[in-house]
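Student: If you want the building blocks of each chain, they are given just below.
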Amino acid sequence: GAGVSQSPSNKVTEKGKDVELRCDPISGHTALYWYRQRLGQGLEFLIYFQGNSAPDKSGLPSDRFSAERTGESVSTLTIQRTQQEDSAVYLCASSFSPRTGGFLLANYGYTFGSGTRLTVV
Amino acid sequence: AQTVTQSQPEMSVQEAETVTLSCTYDTSESDYYLFWYKQPPSRQMILVIRQEAYKQQNATENRFSVNFQKAAKSFSLKISDSQLGDAAMYFCAYRSAKWNQGAQKLVFGQGTRLTINP
Chain A
23 GAGVSQSPSN KVTEKGKDVE LRCDPISGHT ALYWYRQRLG QGLEFLIYFQ
73 GNSAPDKSGL PSDRFSAERT GESVSTLTIQ RTQQEDSAVY LCASSFSPRT
123 GGFLLANYGY TFGSGTRLTV V
Chain B
18 AQTVTQSQPE MSVQEAETVT LSCTYDTSES DYYLFWYKQP PSRQMILVIR
68 QEAYKQQNAT ENRFSVNFQK AAKSFSLKIS DSQLGDAAMY FCAYRSAKWN
118 QGAQKLVFGQ GTRLTINP
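Chain order of the listed sequences is A and B. Under our numbering, the first residue of the first sequence is numbered 23, with each subsequent residue one higher. Under our numbering, the first residue of the second sequence is numbered 18, with each subsequent residue one higher.
No wet-lab data here; the hints were simulated from the structure. Glycine is no exception: its CB is placed at the ideal position from the N, C-alpha and C atoms. Any given hint could turn out to be false.
Only some residues are given here: those of chain A computed to face chain B with a beta carbon under 7 Å [said to hold, decoys possible]:
hint	residue
1	Gly-64
2	Leu-65
3	Phe-118
4	Phe-134
5	Gly-137
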């Protein structure tokens, strides 16, 4: 697609429910990132995908958070048993980061989606 | 770990005037990239300007320029001839220039909300 698409745009859920957030990266972008932005705060890194593997998941705040990616396409961020502190905007970004033999050749910058605003009540 | 600090939660400027947003960062690395992103109410992060640490020359993009002071670990953004459309949250960000997979993420500051007064 022309840009990074995230769905839903807004999500209100009850405490304790599970939610799935979706990110459609730009076609051909090998790398995909998830960030969390709490109200009035900067972006916190959650996880990075290169292809369908996640070499850096150091930002996931707890085992209630998980993410997967299908090939170099769609990614889903799942939050289980949501808590009120999970309320935030979840932003996805993608970039073209070609690799060969496990070595990164370049990173051509990031394109962000418009995020999903999650509200846990 | 790298950190990015923006000490000005809010700034305001008259239309057509010049404003400077501050950013400092902490790193032990010698090679890295620095960015300024703009976030309007649409929430999408828009790249404003980028600086490679190995370049001594300050980056410029039309009305936007930076003052990069590597020794002081300072990276300020100057917006000249401010326009109403410049109103947004501005974030400073850092990324390592290392090629290992753990170094690909952006580290963001807390942001500065810029208001343009007509």
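Student: Hints first: check each against the structure and report whether it holds.
Tutor: Checked hints:
At about 4 Å, the closest approach between the beta carbon of Gly-64 of chain A and any beta carbon in chain B falls short of 7 Å, and the interface hint on this residue holds. Given the 7 Å rule on beta carbons, the hint for Leu-65 of chain A holds: about 4 Å separates it from the nearest Cβ of chain B. Hint on Phe-118 of chain A is violated. Least Cβ distance to chain B is approximately 12 Å, over the 7 Å limit. Because the smallest distance between the Cβ of Phe-134 of chain A and any Cβ of chain B comes to about 4 Å, under 7 Å, the interface hint for this residue holds.
With a least beta-carbon distance of about 5 Å to chain B, the hint placing Gly-137 of chain A at the interface is held under the 7 Å criterion.
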